[in-house]
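Fit chains B, D and X to the known structure of chain A by using the hints.
4 protein chains.
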Amino acid sequence: MVSQKTEIKVRFVETDAMGVVYHANYLAWCEVARIEMLEALGMPYEKLTELGYHIPVLEAHLCYKRPAKFGDTVEVIAKICEKPSVRIRVDYEMRCNKQILLTGHTLHAFVNSRGLPIKPPAEFVKSLRNHFKD
Amino acid sequence: MVSQKTEIKVRFVETDAMGVVYHANYLAWCEVARIEMLEALGMPYEKLTELGYHIPVLEAHLCYKRPAKFGDTVEVIAKICEKPSVRIRVDYEMRCNKQILLTGHTLHAFVNSRGLPIKPPAEFVKSLRNHFKD
Amino acid sequence: MVSQKTEIKVRFVETDAMGVVYHANYLAWCEVARIEMLEALGMPYEKLTELGYHIPVLEAHLCYKRPAKFGDTVEVIAKICEKPSVRIRVDYEMRCNKQILLTGHTLHAFVNSRGLPIKPPAEFVKSLRNHFKD
Amino acid sequence: MVSQKTEIKVRFVETDAMGVVYHANYLAWCEVARIEMLEALGMPYEKLTELGYHIPVLEAHLCYKRPAKFGDTVEVIAKICEKPSVRIRVDYEMRCNKQILLTGHTLHAFVNSRGLPIKPPAEFVKSLRNHFKD
Chain A
109 MVSQKTEIKV RFVETDAMGV VYHANYLAWC EVARIEMLEA LGMPYEKLTE LGYHIPVLEA
169 HLCYKRPAKF GDTVEVIAKI CEKPSVRIRV DYEMRCNKQI LLTGHTLHAF VNSRGLPIKP
229 PAEFVKSLRN HFKD
Chain B
109 MVSQKTEIKV RFVETDAMGV VYHANYLAWC EVARIEMLEA LGMPYEKLTE LGYHIPVLEA
169 HLCYKRPAKF GDTVEVIAKI CEKPSVRIRV DYEMRCNKQI LLTGHTLHAF VNSRGLPIKP
229 PAEFVKSLRN HFKD
Chain D
109 MVSQKTEIKV RFVETDAMGV VYHANYLAWC EVARIEMLEA LGMPYEKLTE LGYHIPVLEA
169 HLCYKRPAKF GDTVEVIAKI CEKPSVRIRV DYEMRCNKQI LLTGHTLHAF VNSRGLPIKP
229 PAEFVKSLRN HFKD
Chain X
109 MVSQKTEIKV RFVETDAMGV VYHANYLAWC EVARIEMLEA LGMPYEKLTE LGYHIPVLEA
169 HLCYKRPAKF GDTVEVIAKI CEKPSVRIRV DYEMRCNKQI LLTGHTLHAF VNSRGLPIKP
229 PAEFVKSLRN HFKD
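Chains as they are written, first to last, in the working numbering: chain A, 109 to 242; chain B, 109 to 242; chain D, 109 to 242; chain X, 109 to 242.
Keep in mind the hints are simulated off the structure, nothing from the lab. Hints may contain errors.
No distinction is drawn between identical chains; accordingly, a pair holds when it is met within one copy or between any pair of copies.
As the list claims (entries may be wrong) - Listed below are the simulated DSS-like cross-link pairs for lysine-lysine, each with C-alpha atoms no more than 25 Å apart in a straight line:
id, residue 1, residue 2
1, 187, 117
2, 234, 177
3, 173, 234
4, 113, 241
5, 234, 117
Same shape as in the complex, but just chain A (with noise of 0.2 Å):
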């Protein structure tokens, strides 16, 4: 299992008039620990596109719990527990004073700078290997 934990501060420009985090930017705050997930695993997402890579979402898939609101600190947890495959599944968990905010997932794949799904860097499949080993 691969795991990584982000800590956002809630910024003015996130909540919206119920006074809460507008529902979408949690998506962002995905992506923000998902890439420093990647780079935790030495595959920062500038290196990953500057060799042709893209790993769009393909899938998303959020549970509110409970808002947050501004100025919180929210920690953003994002994990990969399934060893992937042609796919990458994120699972992430967001809490905030000890209390689940929201759970969720987000659905991966590689794909060249036309689109096309392919094999994802084998410096990548090698650095998740060490994390899934059977």
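Same frame as chain A, now just chains B, D and X:
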């Protein structure tokens, strides 16, 4: 069944460095169509909030097929297919140039100003009932 | 003088916890009107980028008079009042319910794909000249 | 003089199809630095709103020099250089890799919950006075 079609012209602010619409922004478009659907049902969001009702998103699920680009005009279809109970499920389909971009759904509940679940307003129930005759 | 009027219906995502439109979002509306103005001048943004031109914002100035709220329909007027030279100045006025919400301007230059300043396309200059006859 | 330095790591959601940070997003970063400055002055925004104060943006002015890119870490400096009167002017400078990206300022006033101008809280005036001794 209740159905609402809305057209959205992609704004530059909605794109990202991959040259396409950022994946979280589709959720905001779902909401635009959902709110127009409520209005068509005689229940504009402003009226609901004045009456003390809120309809937070409990769950969101999006399947991304093809990305929209700057300048595209995207057709967003929101539908209520199941007779709403305590929870309301809204299904979405987005299309551009006769191709499906995205399918998904959101799940909602009526809550009062303190965030506690309450029955939807009688007027809304009545308006919906006309669309879901047994 | 060139002038363009655009109507924007405030989306929920554009509001903040003060219950009004977040102040940075007006800049994106300015752009919507600016791009429609370019289109009306026979120079759609997509065409400009295809030709290798970009028109970055060099300067932005906004004076906030009254906030827009969710559900408001805002009239955004973009104008080119001065004959463009190397730089193009676009002035804005936003109105809602017969009241002025905002005035402002942005300053732009034509640059090539490497970000270097270049002359605007001949077609654009010609199209503008018709509006600024001496 | 009061000065506050904040570091912001560019998020993917903040980029646009030109491959750089969308110009409106710098305004949200100004706010992040401004709010941290208020906090350092003993006047966290949450406390101000609890006391019934709001500090809306009356005017914003940004000069764009160089764009930030995804993954950049941007230094945002917010400063109050003039002793605040009824209006408070905050100046900004953003830097990345030792180059200036942006300069600008915002103008603010204290208003009550009905949007009417009021005197800033005594505690805030006192805290500021220590930085602007005659």
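Outcome of the hint check:
no.: 1; hint: 187 x 117; in the structure: both (20 Å within a copy, 21 Å between copies)
no.: 2; hint: 234 x 177; in the structure: neither (40 Å within a copy, 29 Å between copies)
no.: 3; hint: 173 x 234; in the structure: neither (36 Å within a copy, 29 Å between copies)
no.: 4; hint: 113 x 241; in the structure: within (22 Å within a copy, 44 Å between copies)
no.: 5; hint: 234 x 117; in the structure: neither (33 Å within a copy, 28 Å between copies)
Checked against the numbered hints above, the structure violates hints 2, 3, 5; every other hint is satisfied.
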